[in-house]
Amino acid sequence: MLIKTKSNILSSEITDRAVFESRREFIKAATIFSAGIMLPSSGHAETGKYADVPIGPYSAKLPVTGREDVTSYTNYYEFSSNKKDSTVLARALKTKPWSVEVAGEVEKPGVYNLEDILKDNPVQERIYRFRCVEAWSMVVPWIGFPLGEMLKRFKPTSKAKFVEFTTIYNPEVMIGQRSGGLDWPYVEGLRIDEAMHPLTMMVTGMYGDELPNQNGAPLRLIVPWKYGFKSIKAIVKIRFTENMPETAWHKNAPNEYGFYANVNPEVSHPRWSQSRERVLGSSLFTPKRDTEKFNGYGAEVAALYSDMDLKQYF
Amino acid sequence: MLPGKKGWAAIKIIVFLLSLVPFGLLLKDAINDQLGANPIETLHFGFGDWALRFLCIGLALSPSKTVTGQNWPMRFRRMMGLFAFFYASLHLLVFIVLDLSLSWEAFKDEVPKSPYILMGLLTYLLLFPLAVTSTKKMQKRLGRSWIKLHQLVYVAGLTAVVHYFWLVKADYTEPLIYAVVIGAVLGIRVAVYYRKRAKVFVS
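Protein chains in written order, with the numbering used here: chain W, 1 to 314; chain S, 1001 to 1203.
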């Protein structure tokens, strides 16, 4: 399904948002009770801050999940374990000004303003599949830039084998951080070759506009071939390390959430199957979709794991 | 001061209609496409929550008789139990018809891999004979063994809470609330049982 493209079509040239949304409403109304019909949609032009962003490579030609669904169904345990509540609670997070600390095995450590990072890294739009470990999925037009391009500017040393990311710790506002569940702040990590892979994105927006708070504003990771929990939100620290970092969900339940967390229908979660996924925005009578290995990005990333037993390194 | 026969009949109708409200609201949301980003999950969890709530209410009635000395809560035990079964049936139906799309393939793959689904199915299997034998006629016919059989509802209360615990990823707040309620209700029952036994022993 992935079509590599160097197209320079602007988001704004696709479909006007109002036209698209009214069309969607019409179709929704027409199909609500007809079995097996998925909401068709193509293009999702916007009027927001990033409306005229060029489409980057690796962007999939797939029907995009409705913005309303993507913004009202988020796993953001820093606010709540309820996917709807975090939509409201996350509004309280102040995302301006924002800076990112760069540390560890790197020649240019320091604290960087997000604005400066964005000046150095022009954004583009990429439509990616997103697959949660809870067996649901969506297709999102992310706005961002390749993580690898950004990391190279900090000049990682030869000792940098892994990259560790940390979410902001702010229990005043992030009320979920006041209680247990996970060990706060949230930490995620990638092997350096995964971090440098051109598919891996740093994301600052979606649907042609800035990232809503509940979706990880102002800066989040997107690693499309891994389960969603790897794609850490509201990043304040990037550390280059020699050893594999300990990550939040892995620490919570090491037998359930591995460091790699590659989407893999052949490896079940200890408590549920991963062979199928519920596609958000589909009708009540649409069957689940068969999950693809590496979430459909196998052609691009399978080589990273060619010598590894994915059942052992899940 | 308690209502007469007609009064109780009227109250029962009101309680019956109130118990249908959660079903009505979810149905309304389904018709109006207001179930959110994951409509099947909203229905599935909604019916599951209400099955558990009615189970808790039903289980709490006889201890509330013990605590208050009032007999009237017992009048609603059958209805609450049957509503627990009603919502549990909808919960299971949504799982089989909508979530699995009636696919035997999906059932074979997904159910054995999920201890929490197996625990949910077990809970339903425990509730089923209770619903079937809930009529006065069956109560008479089965006599003492009816009471024994219907003690299974306590086991169902426990397996239902375990079912919930096992599906949670990290935040155990909600299943914990149900566990406390069911634990308290069971605790009172056990205490009453031992007190009665002690009395029998003394005399």
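Just so you know, the hints here were simulated from the structure itself, not pulled from any lab data.
Hints are supplied without guarantee of correctness; some may be wrong.
[Unchecked claim] No farther apart than 25 Å at their CA atoms in a straight line, the calculated lysine-lysine pairs in the DSS-like style are these:
| # | chain 1 | residue 1 | chain 2 | residue 2 |
| --- | --- | --- | --- | --- |
| 1 | S | Lys1137 | S | Lys1012 |
| 2 | S | Lys1005 | S | Lys1169 |
| 3 | S | Lys1005 | S | Lys1140 |
| 4 | S | Lys1140 | W | Lys84 |
| 5 | W | Lys311 | S | Lys1137 |
| 6 | S | Lys1169 | W | Lys251 |
| 7 | S | Lys1113 | W | Lys293 |
| 8 | W | Lys83 | S | Lys1140 |
| 9 | W | Lys119 | W | Lys251 |
| 10 | S | Lys1028 | W | Lys84 |
[As the list claims (entries may be wrong)] Derived coverage of chain S by chain W (criterion: at least 3 residues anywhere in the stretch with Cβ under 8 Å from a Cβ of chain W; other residues may be distant):
| # | segment |
| --- | --- |
| 11 | 1007 to 1018 |
| 12 | 1038 to 1052 |
| 13 | 1102 to 1114 |
Please read these numbers as outputs of a predicted model, since none were measured by experiment.
We treat Cβ as the ideally placed atom computed from N, Cα and C, and that holds for glycine.
query = Any of the earlier hints contradicted here, and which numbers?
reply = 2, 4, 5, 8, 9 and 11
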